[in-house]
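Participant: Each chain, written out:
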Amino acid sequence: MSRYIKSVLAMAFAFIFCGNIAQAFETDFHGRMQSTYVLRDTNGFQHGFMDNTSCAQWRNELKIDLSLFPEYETDHMISIYKFFINYRGAYDAVFDVTDRWDDVRDKSPADFEYGKDDIQFENDLREAFVDIEGVFGSQITSLRLGRQIVQWGEADGFNVMNIINPQDNRVMMFFETPDDLATPLWMGRLNHNIGSIGFLNNVGVELVATPDIRPHMFSVMDDDMNAPYAFGFRQLKARPLDFIDTRTGQFANLGDVLVGAGMLPANPFAGFRGVTTINGLEDVAFPVLDQTLAPGINQTLQWHDNSASSGVEHLEYGGKFTASYGDFIGYLYYFRGYQDDGVMNFSEFFTKGNLTFDHPKQNYIGASFNMFLAPINAVFRGEGNLVDEVAILDLENCWGGQGDTVHLYQDVLGIPEGHGFLNGPENAKGYTMHKVYQGLLGLDIDRFVYWLNPTTMIKTSWQIYWKHIDDWDYDKTWRPFDEEDNYRATLFVWTDYMNGKIHPEMFVMYDFENVWMTMMSVKYSRDGKFFTKLTQMSFWGDSDAISPFTQPVNLINTSELSIRFGYQW
Amino acid sequence: MVRRLITAVFVLCLVSVFSLQSAYADNPNWKADQDARFKKLDIKPGDVLTKNDMDKIRKCVPATIAKWYERGDLMDFEVQPYQYDASHNVAWQKATEANRGKYTIDETGGIIEAATGTFPVFVTGQPFPEDTIKVGDPGAGSKVMYNRLLCKARTETFKYEHIVLWIDFKDGLERTVECYWATYFYWGRKAPVANPENLQMRDMTIATAPFDMAGTAQLSLRTLGAKDDQVYAYVPAIRRVKRLSGANRSDPYMGSEAVFDDAFIWNGLIPSMEWTYQGKKTALCWMMPYALEHTTKMDHNSDGSWSCSPPTEILGFEVPGSTCATWAPTNTVWVPRDFHVVGVMPKDPYYSCGKMEFWVDSEGYIASYKWVYDKAGEFWKGLMMLPIHLTWSDKYGIQTVVTHSICDDKLGHATVVKGGCGKVNGSSHTRTIFELPKIKPRMLTVEKMKMWTK
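Which chain is which? The protein sequence lines are A and B, in order. Following numbering that gives the first Met the number 0, the numbering of the first sequence begins with 0 at its first residue and continues without gaps. Following numbering that gives the first Met the number 0, the numbering of the second sequence begins with 0 at its first residue and continues without gaps.
Be aware that a few hints might be false.
[What the hints assert, rightly or not] Calculated pairs, SDA-like style, for lysine to any residue (alpha carbon to alpha carbon, straight line, at most 20 Å):
(1) B/K241 / A/N201
(2) B/K439 / A/F68
(3) A/K458 / B/N424
(4) B/K354 / A/K532
(5) A/K528 / B/N424
(6) B/K439 / A/D117
(7) A/K458 / A/G499
(8) A/K532 / A/F68
(9) B/K226 / B/A246
(10) B/K169 / A/Y496
(11) A/K458 / B/D227
(12) B/K241 / A/Y36
(13) B/K346 / A/I375
Simulated from the structure, these hints should not be mistaken for lab results.
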């Protein structure tokens with residue numbers, strides 16, 4: 000071997016084995032096991048406390064966190080700060096202990112269209128990321144790559160600027176913490192802290208980019224909507240809707256026209272009159288449409304998701320700018336991504352029996368701040384955003400999207416556009432795009448209230464929230480689920496008793512349309528390892544209110560009590 | 000000639016050895032001072048004070064300690080002496096002397112430069128030499144506390160890995176939480192560092208176990224002057240940093256007996272209290288036996304930091320059949336020390352307690368005792384620290400503790416913090432670390448909080 004090669008090999012050997020980069024790992028390993036039993040009052044506490052109950056869930060869960068921190072002998076300009084893995088595995092025994100939930104399709108037919116196996120079992124490496132740090136003089140850059148959760152904003156209980164990770168409601172409502180409800184995404188997050196610039200301190204920038212496109216996930220939406228947490232959609236299918244009433248009436252009228260024109264011997268759509276629900280359509284209308292206007296139409300409405308595929312071509316990205324001045328910290332945000340909460344696309348409703356959740360792309364611009372107000376010893380915070388295009392259900396023109404079949408009959412009958420049966424552009428989908436504004440102000444106040452708790456402060460958090468849909472008019476038939484403006488207020492109270500052994504919490508949200516949500520829990524742990532937690536969640540108020548708690552699903556008819564036992568280390 | 004050479008070398012060695020000793024022994028009178036304290040208390044090294052010596056015990060220890068002993072909470076008092084000079088080293092004493100006349104206390108109780116009347120941006124050494132602390136001086140109490148603050152800040156950066164134990168008087172250990180505390184001091188350094196935000200210190204506490212606490216972090220930024228701290232908490236369950244009130248210093252920490260101001264007996268804003276200097280008292284201070292025999296030399300690590308894990312006390316609940324209280328130490332000894340005694344009243348009418356009394360070691364400036372009374376004036380709880388003397392880099396002094404104990408007489412409950420002392424009660428290995436390069440200002444920021452944990 001030449002001297003040159005030997006020298007290179009020797010140098011390499013020296014660098015690898017004798018260089019000053021030897022390191023060890025500091026490890027953190029934690030986890031918890033818990034079993035949660037959820038008892039559902041199927042007509043809501045408002046209509047009688049636990050008078051009509053069923054077991055909605057018996058979820059047994061294992062969650063593990065593992066952090067590895069490399070330890071270096073010397074500082075490096077670029078180094079790995081830590082590796083982190085979070086695993087969650089679960090098994091819901093409710094499907095085995097009761098036959099109440101038997102009629103749920105077993106398998107998932109497509110992405111984001113779930114089956115029983117998706118809700119009975121979970122085996123998920125939820126988070127797996129690496130933190131890389133670069134030190135450049137007085138500035139520091141951190142890069143987090145991998146599957147992770149990023150939460151923006153200052154709001155509790157609302158997602159104003161917290162729009163990066165979608166929510167997962169397949170097996171839980173709102174009992175859980177945001178950490179458990181958020182869907183982790185594969186993404187890159189870059190933080191660069193500049194330090195002080197002029198009169199501004201803590202100046203920094205955060206950039207996020209994710210090719211992992213996922214929607215807000217709901218439970219199994221199969222033919223029967225019988226999955227425990229698909230109750231909302233089952234309710235929606237059974238709910239009388241003016242839009243359906245109007246359209247079925249128009250079908251019946253069409254039939255009368257066709258009979259009058261001698262094209263049909265009898266009105267096949269006569270039975271449609273008075274059908275007001277999706278269930279009614281499935282029972283009465285779809286079989287007739289299959290024989291007439293829409294051969295091959297699904298006999299039971301099929302629910303689909305139309306999320307963009309994951310990939311760099313559909314990248315979601317955004318950034319956050321931070322700066323502080325004295326006690327005031329402010330943030331500016333921008334995010335371009337897909338609407339997580341799908342909007343229902345009705346363009347194949349009466350022709351193929353399909354309902355699809357669309358997720359149009361949109362731009363978010365927002366800001367938030369927090370500051371400490373010494374005179375009242377409270378933290379004042381706020382958040383607001385503008386989303387340029389939000390798809391909101393608007394059924395007025397969706398008839399036009401029913402395809403060529405209906406157009407053909409329109410032409411045959413010589414019915415002009417805009418008259419009678421058919422109106423609206425052909426591509427109308429049942430929703431329209433609007434600018435939406437959201438704003439929130441919050442005040443966090445902690446006080447000693449000795450008669451309530453002689454040893455520990457009572458922590459309270461007060462918020463007022465406002466949402467405005469631009470260029471919007473509520474209409475009972477065509478735009479039945481949203482008002483132009485929605486106002487809500489929240490109060491969150493918590494404290495500790497008996498040296499932290501007992502931890503009660505209460506969260507109340509009031510919608511100014513006269514609807515309330517209450518969520519109360521008490522957690523007990525004597526040794527910090529074994530714990531038990533009792534939680535209730537219920538909705539109260541006016542069932543006819545136009546509120547997110549009553550439209551399109553009336554949550555007042557569903558209240559839940561859960562009890563949890565667990566062990567953590 | 001060879002013999003002369005050997006003799007010369009021998010003499011040189013002797014001179015070197017004794018010179019080195021005298022370089023560490025800042026107080027050449029330390030032994031005489033200690034003997035005087037023994038004499039004042041009418042006790043001798045090796046004495047064991049028992050229930051038969053209650054009169055003497057009441058003269059030798061603070062009243063609360065005597066009360067606890069009388070009711071059977073504590074072991075007998077085995078009295079031992081320091082076997083070395085436990086004062087701060089020369090460089091620190093010189094820095095302290097250089098501060099003579101430089102600083103004073105303003106009407107808020109805060110430190111200001113005597114020449115300019117403004118708060119100082121950088122202070123090193125104790126700002127107030129010992130002989131400037133006098134009874135009758137309205138600022139003397141604050142002076143004691145600022146001296147204490149600077150003695151703590153000499154570590155420059157400080158990481159204290161610890162475990163918090165909840166202990167019931169009857170049932171013993173209830174639960175534990177593992178944490179560590181990282182502080183970056185702008186004061187107390189050999190030389191000033193860039194400080195564009197005018198901070199006195201940044202500190203972060205992070206819980207590491209169990210699962211529901213792991214990753215919970217709290218960051219405090221203490222501004223120079225009398226302003227409330229900026230306080231932020233990172234809550235892993237919501238993956239967000241929440242701003243907290245910097246004024247809620249008396250709220251219990253995680254349901255324990257400790258409040259935020261109780262860390263190292265006092266971690267609050269000095270101007271937030273009215274300090275009244277009550278004078279010097281000689282009393283027994285409890286210590287680990289090895290801490291009296293020798294200083295603890297910290298290990299110098301390859302990253303430039305200094306660390307140690309000396310053993311800590313064994314508590315009553317850990318010893319089957321122990322006759323002392325569940326929270327009380329079973330393996331400590333007592334040494335006579337001089338204390339500055341400072342009475343304290345909170346200025347904040349909503350502070351959870353009434354008057355307090357601090358006993359601060361007048362040589363090491365570690366606070367050994369804090370007695371807390373409720374708003375009705377009744378005794379509520381006692382805080383005690385077990386100090387140890389450390390040697391690191393070119394510095395030494397009583398610098399840290401292996402245990403904080405907080406005993407709540409009203410609730411019959413105690414919180415004990417054991418830290419920097421290896422594995423304890425099933426915890427990970429805990430260390431005390433100074434001058435850790437990883438603890439930099441840019442690591443103790445709001446944005447960085449999210450990266451420290453998940």
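Participant: If a hint holds in the structure, say so; if it does not, say that too.
Facilitator: So, going through the hints one by one against the coordinates:
no., hint, verdict
1, B/K241 / A/N201, "holds (16 Å)"
2, B/K439 / A/F68, "holds (17 Å)"
3, A/K458 / B/N424, "violated (32 Å)"
4, B/K354 / A/K532, "violated (38 Å)"
5, A/K528 / B/N424, "holds (14 Å)"
6, B/K439 / A/D117, "violated (46 Å)"
7, A/K458 / A/G499, "holds (14 Å)"
8, A/K532 / A/F68, "violated (33 Å)"
9, B/K226 / B/A246, "holds (9 Å)"
10, B/K169 / A/Y496, "holds (18 Å)"
11, A/K458 / B/D227, "holds (19 Å)"
12, B/K241 / A/Y36, "violated (31 Å)"
13, B/K346 / A/I375, "holds (16 Å)"
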